[in-house]
Amino acid sequence: MSGLRVGGVELRSPVLAASGTFGYGTEVPLCDRPRLGGMVSKGIFLQPRPGTPPPRIVETPSGMLNAIGLQGPGVEALIRDYCPLWAEWDFPVLVNINGESVDEYAELAARLDGVPGVSGLEINISCPNVREGGMFFGKDPAQAAAVTAAVRRSTRLPVWVKLTPAVSDLAEVARACESAGADALCAINTLVGMSFDLGTGRPRLAFGTGGLSGPAIRPIAVHLAHQAAQSVAIPVIGIGGIGGAEDALEFLYAGCQAVQIGTATFIDPNAIGKTMEALEALDWRRLVEGTRAAISSG
Amino acid sequence: MSGLRVGGVELRSPVLAASGTFGYGTEVPLCDRPRLGGMVSKGIFLQPRPGTPPPRIVETPSGMLNAIGLQGPGVEALIRDYCPLWAEWDFPVLVNINGESVDEYAELAARLDGVPGVSGLEINISCPNVREGGMFFGKDPAQAAAVTAAVRRSTRLPVWVKLTPAVSDLAEVARACESAGADALCAINTLVGMSFDLGTGRPRLAFGTGGLSGPAIRPIAVHLAHQAAQSVAIPVIGIGGIGGAEDALEFLYAGCQAVQIGTATFIDPNAIGKTMEALEALDWRRLVEGTRAAISSG
Amino acid sequence: MFELQAPLIARREVASGMWVLSFSAPEVAATARAGQFVNLLLRPGPLLRRPFSVYRATSGVVEVLLKPVGAGTAGLAALALGESVSLLGPLGSGFQLDQAAGSVALVSGGLGVAPMPLAARAAAALGLQVHWVHGARTAAELCSEWEGRRVHWATDDGSIGYHGSVLAAIPEGIGQVVACGPNRMLAALAARFPRAQVAIETYMGCGTGVCLGCAVPRTSGVYDRACKEGPVYQANDIRWDVLPQHLHYGLGA
Amino acid sequence: MFELQAPLIARREVASGMWVLSFSAPEVAATARAGQFVNLLLRPGPLLRRPFSVYRATSGVVEVLLKPVGAGTAGLAALALGESVSLLGPLGSGFQLDQAAGSVALVSGGLGVAPMPLAARAAAALGLQVHWVHGARTAAELCSEWEGRRVHWATDDGSIGYHGSVLAAIPEGIGQVVACGPNRMLAALAARFPRAQVAIETYMGCGTGVCLGCAVPRTSGVYDRACKEGPVYQANDIRWDVLPQHLHYGLGA
Ligand SMILES: Cc1cc2nc3c(=O)[nH]c(=O)nc-3n(C[C@H](O)[C@H](O)[C@H](O)COP(=O)(O)OP(=O)(O)OC[C@H]3O[C@@H](n4cnc5c(N)ncnc54)[C@H](O)[C@@H]3O)c2cc1C
Ligand SMILES: Cc1cc2nc3c(=O)[nH]c(=O)nc-3n(C[C@H](O)[C@H](O)[C@H](O)COP(=O)(O)OP(=O)(O)OC[C@H]3O[C@@H](n4cnc5c(N)ncnc54)[C@H](O)[C@@H]3O)c2cc1C
Ligand SMILES: Cc1cc2nc3c(=O)[nH]c(=O)nc-3n(C[C@H](O)[C@H](O)[C@H](O)COP(=O)(O)O)c2cc1C
Ligand SMILES: Cc1cc2nc3c(=O)[nH]c(=O)nc-3n(C[C@H](O)[C@H](O)[C@H](O)COP(=O)(O)O)c2cc1C
Ligand code: FES
Ligand code: FES
Numbered sequence: 001m002s003g004l005r006v007g008g009v010e011l012r013s014p015v016l017a018a019s020g021t022f023g024y025g026t027e028v029p030l031c032d033r034p035r036l037g038g039m040v041s042k043g044i045f046l047q048p049r050p051g052t053p054p055p056r057i058v059e060t061p062s063g064m065l066n067a068i069g070l071q072g073p074g075v076e077a078l079i080r081d082y083c084p085l086w087a088e089w090d091f092p093v094l095v096n097i098n099g100e101s102v103d104e105y106a107e108l109a110a111r112l113d114g115v116p117g118v119s120g121l122e123i124n125i126s127c128p129n130v131r132e133g134g135m136f137f138g139k140d141p142a143q144a145a146a147v148t149a150a151v152r153r154s155t156r157l158p159v160w161v162k163l164t165p166a167v168s169d170l171a172e173v174a175r176a177c178e179s180a181g182a183d184a185l186c187a188i189n190t191l192v193g194m195s196f197d198l199g200t201g202r203p204r205l206a207f208g209t210g211g212l213s214g215p216a217i218r219p220i221a222v223h224l225a226h227q228a229a230q231s232v233a234i235p236v237i238g239i240g241g242i243g244g245a246e247d248a249l250e251f252l253y254a255g256c257q258a259v260q261i262g263t264a265t266f267i268d269p270n271a272i273g274k275t276m277e278a279l280e281a282l283d284w285r286r287l288v289e290g291t292r293a294a295i296s297s298g
Numbered sequence: 001m002s003g004l005r006v007g008g009v010e011l012r013s014p015v016l017a018a019s020g021t022f023g024y025g026t027e028v029p030l031c032d033r034p035r036l037g038g039m040v041s042k043g044i045f046l047q048p049r050p051g052t053p054p055p056r057i058v059e060t061p062s063g064m065l066n067a068i069g070l071q072g073p074g075v076e077a078l079i080r081d082y083c084p085l086w087a088e089w090d091f092p093v094l095v096n097i098n099g100e101s102v103d104e105y106a107e108l109a110a111r112l113d114g115v116p117g118v119s120g121l122e123i124n125i126s127c128p129n130v131r132e133g134g135m136f137f138g139k140d141p142a143q144a145a146a147v148t149a150a151v152r153r154s155t156r157l158p159v160w161v162k163l164t165p166a167v168s169d170l171a172e173v174a175r176a177c178e179s180a181g182a183d184a185l186c187a188i189n190t191l192v193g194m195s196f197d198l199g200t201g202r203p204r205l206a207f208g209t210g211g212l213s214g215p216a217i218r219p220i221a222v223h224l225a226h227q228a229a230q231s232v233a234i235p236v237i238g239i240g241g242i243g244g245a246e247d248a249l250e251f252l253y254a255g256c257q258a259v260q261i262g263t264a265t266f267i268d269p270n271a272i273g274k275t276m277e278a279l280e281a282l283d284w285r286r287l288v289e290g291t292r293a294a295i296s297s298g
Numbered sequence: 001m002f003e004l005q006a007p008l009i010a011r012r013e014v015a016s017g018m019w020v021l022s023f024s025a026p027e028v029a030a031t032a033r034a035g036q037f038v039n040l041l042l043r044p045g046p047l048l049r050r051p052f053s054v055y056r057a058t059s060g061v062v063e064v065l066l067k068p069v070g071a072g073t074a075g076l077a078a079l080a081l082g083e084s085v086s087l088l089g090p091l092g093s094g095f096q097l098d099q100a101a102g103s104v105a106l107v108s109g110g111l112g113v114a115p116m117p118l119a120a121r122a123a124a125a126l127g128l129q130v131h132w133v134h135g136a137r138t139a140a141e142l143c144s145e146w147e148g149r150r151v152h153w154a155t156d157d158g159s160i161g162y163h164g165s166v167l168a169a170i171p172e173g174i175g176q177v178v179a180c181g182p183n184r185m186l187a188a189l190a191a192r193f194p195r196a197q198v199a200i201e202t203y204m205g206c207g208t209g210v211c212l213g214c215a216v217p218r219t220s221g222v223y224d225r226a227c228k229e230g231p232v233y234q235a236n237d238i239r240w241d242v243l244p245q246h247l248h249y250g251l252g253a
Numbered sequence: 001m002f003e004l005q006a007p008l009i010a011r012r013e014v015a016s017g018m019w020v021l022s023f024s025a026p027e028v029a030a031t032a033r034a035g036q037f038v039n040l041l042l043r044p045g046p047l048l049r050r051p052f053s054v055y056r057a058t059s060g061v062v063e064v065l066l067k068p069v070g071a072g073t074a075g076l077a078a079l080a081l082g083e084s085v086s087l088l089g090p091l092g093s094g095f096q097l098d099q100a101a102g103s104v105a106l107v108s109g110g111l112g113v114a115p116m117p118l119a120a121r122a123a124a125a126l127g128l129q130v131h132w133v134h135g136a137r138t139a140a141e142l143c144s145e146w147e148g149r150r151v152h153w154a155t156d157d158g159s160i161g162y163h164g165s166v167l168a169a170i171p172e173g174i175g176q177v178v179a180c181g182p183n184r185m186l187a188a189l190a191a192r193f194p195r196a197q198v199a200i201e202t203y204m205g206c207g208t209g210v211c212l213g214c215a216v217p218r219t220s221g222v223y224d225r226a227c228k229e230g231p232v233y234q235a236n237d238i239r240w241d242v243l244p245q246h247l248h249y250g251l252g253a
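Chains as they are written, first to last, in my numbering: chain A, 1 to 298; chain B, 1 to 298; chain C, 1 to 253; chain D, 1 to 253.
No lab work stands behind these hints: they were computed from the structure.
Don't take each hint at face value.
To be verified - Capping the alpha-carbon separation at 30 Å, the derived lysine-lysine pairs in DSSO-like fashion look like this:
hint, chain 1, residue 1, chain 2, residue 2
1, C, Lys-67, B, Lys-274
2, D, Lys-67, D, Lys-228
3, C, Lys-228, C, Lys-67
4, A, Lys-274, C, Lys-228
What the hints assert, rightly or not - Restraint ranges, calculated between C-beta atoms of paired labels, are given here:
hint, chain 1, residue 1, chain 2, residue 2, range
5, A, Gly-74, C, Gly-17, 41 to 49 Å
6, B, Leu-4, D, Ile-9, 57 to 65 Å
7, A, Gln-230, C, Ser-59, 45 to 53 Å
8, D, Leu-247, C, Arg-11, 35 to 43 Å
9, C, Gln-245, B, Asp-283, 34 to 42 Å
What the hints assert, rightly or not - Heads up, incomplete: computed chain A residues facing chain C, CB under 8 Å, no partners named:
hint, residue
10, Pro-55
11, Leu-287
12, Gly-290
Cβ atoms here follow ideal geometry from the backbone N, Cα and C, with glycine treated the same way.
Kindly produce the complete structure, drawing on both the sequences and the hints.
Given below as structure tokens:
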């Protein structure tokens, strides 16, 4: 093990796969898995969900919009089909949990508690692509705290909370989640976006809006991850537009303990492996500690 | 005149120059001015402001961060040096006004009331690059309404309000500004972002954070402009990442009555002229009305 | 699945504005089956990869067929010989040819001809009688390369072959129909040949099965992944009313 | 100011990894003065333009000098002959040469040599005695082109010319000093030659004076625009402690 313990989870490296961009860990054959710090599985609900009708994605300048709508098999199928595989793997898997009510989140957490193969939970209160739940809970500090507390009570697993950028004051939500018992915060999920078809004048996505990811959002994500890290004592995991070691370093400099890579895996299935390899070559620990020391003494 | 009256201002075309990206209208010699619908001047305060120390800009994927800090000569110099020029011009000039308190906004509005050359005011309650005022007023519906109402009472000029994307619920702020007497809403200003220098581990901008503009933010801007247009009866002017006619059309389809072009002017001084030329070639009015009719009947 | 830096080694125009690009990609050429595709990454270029059917795959070379319609295809068409792209593949499921059918019609509209040369060779290898049925708007836009002796052309303007839809040019009494073209054409074909093998188009985020962006609405009620379970389906497995038929972005396209 | 589609018509290497690119840009070549710059836009390429000093401007051709350090310069260096960039210029203020000074030292470090050929010609035209003072890390990195007969070289490793800083290689008794190079070098020069004309570097958003991104801290207390009032300043007009000295992004640079 790397000795890197973040938010109650023993990571193999500081670079994880982000939820919804690595499936259930079985889909991306070209990934250099020994370099993978861990993965967060695709967002799951209690019940199976079909997802939204197509078109589901639109490419935008240095980014993409997606409206998948949390398509998935439901928690029972997840436990049956995937957790036994994960239990054999040598990197930690966190499950990204979703609900339409506080009770649903709590029920999911209880159901996953003690299931072999599950190393932690990532509470998704920031999905822009579902009509009920999703981002609603992440926009309001009190709701965010309520979900976090309910999950906390229902499981002994480490609990990470994934924040939405669509808030007036991220620090407030971050502190609310910390007080409610979160072990770490993940910043950020996608930003809501929209694109119109020039031929028809209608939204290009069948769902209307979608979540913006990719390099386009990186400066926003770095800012919000920095703000979260400044606001809480628990670790922050940076997410948003990371495609290589230099991007990951920006989040580490911003105060994050680890990062997740999403969209970049679509472009290069081995984006995570290459990022970690380059971080190692740069001796990232020394680099991050060196600059932190220089900053605090300067 | 084009017969295009938006938010109390007679525009020459639906494509305007955005505040802070066209100076005081005297700086961009290659712009095809007959195609310019109007311009919004660089944000002004009551007093002269030096702006922030350099570095002030950072390029990001399909975008840029800026932290200019509303550098400017103050309202008296504006009235003395620029308004007389504007009074001779054949397109309308709106002044982008900024304050650290409700009273300062009102005082600025009163000072500019009746000054020849000023066709309207754009209230900037969304600048991310000043420590006092700025975005603070735009994040809270009550504050936004207070500034709007105060300006409304202090001037007979048309009043546009420029919204910040950094809110949990843009519709709420939009409705508050409408109720407080705004003639139009402008959506959006830049998003707060940050970038770290890989050599030093410190923020690349001297100010720390900056405002993200350019194509990267377009999907977010289209979404928020659409949301604003759905929430209010007054016109919405779309801003964010527009570089050509196709981009402008997305905002028109989203329900905007006009658009502003910012960063694209840095890349091509005649971006506005070319965009308007291409919109004319596409017969934009027919296109927008055609698809609106198709959508409402379909 | 392989990810290779694949240099462009040849380019030829096979119809007005339609190009075949040949990339050196030995591992992919050796394993690609008819109906599968490769996902190409252009740098500098758009963020995401662009999927292309494998047109031919021989002796270390993977060929794709394209027409510049947007930033990605324009950039690919403008590549200089010797320049490389990242080539990911082979991807997707490929055609299921039925040896018992005796004969097969390879029906394509426009760029839909792309997977057909490989399909023709696979069919011939199985001993099937192959009918090459290809339509375009005009003679100039018809792909000038074909496989086999049984060729049926159709053009919208009648400038060559059958005057009208390529669907009407499909001979009677064919054992199996394999088709590729605009989704609109495939939907029409599905009504007549519900058991045809069709290769469809969707927007794709990854091409490797992780993003769920390429959702294909199945009659069974679920969404499949075009890049993994597809892009080839039996025609009556698809809910054509839900599958987007309009995949264009630009006003011109 | 002109905006032209300027084709690359020639390229030559003038030091290890340092290139001169020649663009056909008649209107700009005819009007550019020493110390002015052009702003180049590469498509596909990074979002913003990239500023480059005019190296030479003769008979319709604008030359710029560069070394690949990032996406923009790498893309420019890799342009094929015949490919075009959008060239905006001439921009900025240019050097003020003082005819009364009698002699002038053109002091440059590394790529800072870029504006000097034009400056040398302007100085010679005024009848000034021109000293070409150019330093680099090693002989291989020294620009192999120069103007005039009075050449003073300096290298950090002593491989050619004076062993040490280029500042130490400036001859005594010179009437005027004109300099360009890393801001750090110019700051040191300013201490010795407070009235030197220096061409500085800042990040630039537009190059045309509208974005206020290129702020130069003046001793008078205001921020100037490097692209409009600058990039040339009298050395003691600048607050060197506030002007960023570190302009690099990548770890390597
Ligand atoms: C399985 C599969 C096989 C394909 N095979 C071929 C082929 O052999 N030859 C060929 O010319 N084309 C083929 N296409 C379509 C090809 O991928 C698109 O034409 C191409 O992506 C357009 O890219 P662009 O950058 O030129 O256009 P842009 O307009 O810049 O593309 C904008 C966005 O739309 C997407 N897009 C636009 N049109 C399509 C489309 N028709 N299908 C999928 N995505 C699209 C792009 O991926 C991108 O995200 C195939 C598509 C799929 C899914
Ligand atoms: C007035 C002026 C004249 C210049 N003349 C020359 C010249 O003659 N030859 C030459 O090689 N270089 C010159 N430069 C610097 C040149 O513009 C940068 O090297 C170039 O912008 C780097 O671009 P890149 O895409 O290769 O690097 P990247 O690292 O990709 O650039 C990233 C960002 O940093 C900015 N940037 C990085 N380094 C610099 C820098 N040193 N100066 C300004 N912006 C920078 C870029 O504009 C971009 O926004 C000049 C700069 C200015 C301001
Ligand atoms: C196609 C797609 C599906 C996603 N699905 C989920 C999800 O199920 N749960 C979740 O919390 N985040 C989801 N995300 C968000 C990512 O985990 C990540 O927060 C976001 O994409 C920003 O990172 P990136 O720019 O590296 O992609 C998804 C993103 C994409 C692009
Ligand atoms: C350098 C710069 C300066 C700006 N200054 C102002 C300003 O003074 N007042 C204001 O309301 N907006 C200002 N803006 C925001 C723009 O008007 C516009 O809202 C934003 O840039 C998004 O549009 P764009 O993507 O087309 O640039 C500025 C933007 C930039 C890039
Ligand atoms: S394109 Fe990503 S799952 Fe098919
Ligand atoms: S670079 Fe924009 S004002 Fe100088």
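Hint-by-hint comparison with the structure:
1. Lys-67(C) <-> Lys-274(B): holds (27 Å)
2. Lys-67(D) <-> Lys-228(D): holds (25 Å)
3. Lys-228(C) <-> Lys-67(C): Distance ~25 Å between Lys-228(C) and Lys-67(C) Cα, so the pair holds.
4. Lys-274(A) <-> Lys-228(C): holds (24 Å)
5. Gly-74(A) <-> Gly-17(C): 41 to 49 Å: holds (48 Å)
6. Leu-4(B) <-> Ile-9(D): 57 to 65 Å: The hinted range 57 to 65 Å is violated for Leu-4(B) and Ile-9(D), with Cβ atoms some 45 Å apart.
7. Gln-230(A) <-> Ser-59(C): 45 to 53 Å: Roughly 59 Å apart at Cβ, these two residues miss the hinted range, so it is violated.
8. Leu-247(D) <-> Arg-11(C): 35 to 43 Å: For Leu-247(D) and Arg-11(C) the Cβ distance comes to about 41 Å; the hint holds.
9. Gln-245(C) <-> Asp-283(B): 34 to 42 Å: With Cβ atoms ~25 Å apart, the hint is violated.
10. Pro-55: holds (5 Å)
11. Leu-287: violated (26 Å)
12. Gly-290: violated (31 Å)
Hint compliance for this structure: hints 6, 7, 9, 11 and 12 are broken, all remaining hints hold.
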